[in-house]
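Here the protein sequences line up with chains A and B, keeping their order. Position 308 of the first sequence, counting from 1, maps to 308 under this note's numbering, and the rest follow consecutively. Position 181 of the second sequence, counting from 1, maps to 608 under this note's numbering, and the rest follow consecutively.
Because the hints were derived from the structure by calculation, they are not lab data. All figures in this text were calculated on a predicted structure; none of them were measured in a lab. Hints should not be assumed to be uniformly reliable.
[As the list claims (entries may be wrong)] Simulated restraints on C-beta separations:
1) 158/A with 536/B: 39 to 49 Å
2) 450/B with 295/A: 28 to 38 Å
3) 27/A with 556/B: 40 to 50 Å
4) 332/A with 532/B: 46 to 56 Å
Yeah, the Cβ is synthetic: ideal placement off N, Cα and C, and Gly gets one too.
The primary structure of each chain is shown beneath.
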Amino acid sequence: MTHPVSLSAIVAAAALFGGLTVAEAQETIFYSTQLRPIEEATKVRDVLLKGLPGKTTYVVDEPPAFAVRMKAETQAGKRTASVVGALHGELQPHVQADLQPIDDVAAKLADRGIPENLMELGKLGTSQQQYIPWMQATYVMVANKQALQYLPEGADVNTLTYAQLQQWAKNIADKTGQRRLGFPAGPTGLMARFFQGYFYPSFTGGVVTPFKSVDAEAGWNAMKELWAVSNPNSTNYNFMQEPLLSGEVWIAWDHIARVKEALALQPDQYVAFPAPAGPKGRGYMPVVAGLAIPKDAPNRAGGVAVIEHMTKPETQLATAAEVGFFPVVKVDLPQDLAPGIKLLAGAVAATQNARDAVVSLLPVGLGAKGGEFNKVYIDTFQRIVLRNEPVKEVLEAQAKVLDTLMKDTGAPCWAPDRPSQGACPVQ
Amino acid sequence: MPARASWIPYALIAPSVVFLGVLFIVPLVQTVWLSVATGDGISLENYQRMAGDLNFSLAVRNTFLLTLVVVPVQVALALAMATMVTKLDKGRDLVLWVLTIPLGISDLAAGLAWLSLLQNTGYLNSALYALGLISGPTGWLSQETPWALFFSIAMAEIWRATAIVLVILIAGLQLIPKEFSEAAEIFGARPWTRFRRITLPLLKPSLQSALILRTVLAFEVFAVVYALGGRNFPVLAGEAYVWQNDNQNYGVAAAYAVLIMTISLAATAVYLRVLRTRPEQLP
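If we strip away everything but chain B, and leave its shape as in the complex, we get:
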């Protein structure tokens, strides 16, 4: 029996390995190749063009700024929401269901929904006008109002993707045995102390997964930005799209793709290291 058991796991995992190999590793290698291959051999020409482009530094700045603002806000919000949801006795499923609705909406659709709120003839302006706060249609999404534009995109992203963090954290919270918290309560620990000293450390593995997932996705942000800001707010994935589709230069587009992948890998490595959990710390 043991001899037979040794190959079964490999056989079971083989289809997904083959799947990943064919549909992920091969295109990945092709993309890297595309980004360095030029007419006469291998060179960094595409990377030089990428870095020399007028939107490059803006795209890097915007992408990082958005990630730095959106991800912490999402984690904080999701933590608060998850803690509240787990405290609920009645209607927990209904609340959870409502909170995770944005998860089921495609990101472009979410961007368009926010566009209908925020554009000149949108609901926000109608409401402000009815309240007498503005005298006519006011633009929030033009390149002349960069901060309003940034704020709008950040809001839409927070609204759209907090739910995925919430789902992961709720699963994590359910893994923590109630006994720890009850024991601390008997010793007189206040809610905030219990949250900080018990919940948060034991939630670390889930936080790590949520952070990795959200940060990687934040570096790839595209559809919401495209719908709300178009070219007014360049981001890395958007530039890759423009180089591929409008400029028809696949090499530079591939260079952007490789850059996004490198940043994502680096962020993942940082999280894996900083939020490392030793086996004895697991609940």
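Next up, chain A with everything else stripped away, as it sits in the complex:
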């Protein structure tokens, strides 16, 4: 600190331009793509990070900006963040180049009771721990209570099938004149995850291997029927809570964080329940966010302290209560949860405990090609469902793209596909 004035001027200028700063050595910058909305970020700052010694600054960013910043800082050789929080898939492209292995932290946290399979995901396909699981979520269905009277006879929302969902939405369209089933198929919606984690596992029992199988063909034909009774604005929806709240949509599938607002605002108006089942079971995809330490972190000790703090059982419970993400450690949720979060917790529990559940894990080993992997499913959807191209031909063509992608990355199969030696094959 030989030039205190100029340094503080630089710090102020950098702060002005929205950048992170390397102010004092003891400050820990926690850089995250999760819990971005101002209410959630405030909860993190004021509640969840409370009790940590030293100064921790919580900074959030959109996922694409996060990816660019991580790479840019590596290239520049100047790291600002000491700990980063992001989804499994968002951390994946940064393995090796931008993240440092944290086997020592994993060893320290051995008594937290984080399930083995989650810790395994945190290795991101390598032999060393790359991130520590932070919190988890999944996708659920939400329906407006007005829709329940149109449920087909004998159908129960908690054990719904795709055929029943189609009939239900058709009943609504016939009776009310409006198609009120909605999907988040907009530009920033999570529709790709619907196909990878729900549709394919339910209809084919796999994601990659049976991509163009007879089962997949039958599934896409069912999807076309489902789309015919879905709101045509679905290709504009990004967060289903908005059309749910406006009444434009009565039945929706989405990530719990993206329907939470509707449930929190009007808990009496909605029901939440598991996604439907297909011929091969009830596909579902757990979402895992992790905490990692970037290469050359300016304050590694501070970063480790943040990870230890965020994975404490009491912090995990507070996270569920305050922001609606569920614990990765084994704890029982308290009874006094907010009604909206209680609804979500119920649907998540019903999904996880469903007898026909088929767990579909997040793609592993795709590296920076995760975006193009999503594109395969979205392109297939566009061509078959939106442009009405012949199912078989489209599946043949897209299967080639998928096969090339798998061979380029050498990614082995992940559940529910059968384990493979080498790149996951497309049959």
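Given the structure of chain A, go ahead and fit chain B onto it with the hints provided.
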């Protein structure tokens, strides 16, 4: 003195040249490099992927269609508005100020404003419902109503960016000496003839600038389309964004950027040639 004057202009222009060089030429070269550089040397792989993508031909078609519809309408509207404004005696500044309001609004904000008009629960549907013309919320912006969607985007673009053409044309109109028109009037030329034979030819340099600016911007159209149509209406700049951000493939995104630049340069060259003005034709 003359010896000293010779370097002064260069010294004065140097900062902007350096500025452009650092912040424009260097990224441009980098983008071109990014679009042709692949794992093993230089290849056109990214361009092949771009051209083979399912949205590519649609994006090209939509971008050109939008430009072909929007730019002529904007120029015609701006010409009419500019002629009217210059004829005003009172309240000219106020009218001009109101007409140029859209200029001060960011394009994404303009897109969102139009979205609130046109979405299912928007003002248009409320008005139509109140008039008894529709029985419930009607979608105008879905992929099932491509023409309504195209019309909405074209309307929003026309509303948003006519003002920039207007400003350029008004400046041009003010440069034309009144004497020409007065002389023609004395010889009995009617307003339409005067407009066609005097105003329009003398306005050519301004028209050229306005057309170049608007066409180049029309080929880059993005935010309004993104707000209203999302992925339902692929355009070139939107595809570049999707490849960069969603697909995380910077090479193909760069190929799109280079394509947009090539189209813009070609359009500029055409305008420079077709609307060329010889010095003796200037007012």
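So, against the hints stated earlier in the document, which numbers end up violated here? As far as the earlier hints go, only 3 is violated by this structure.
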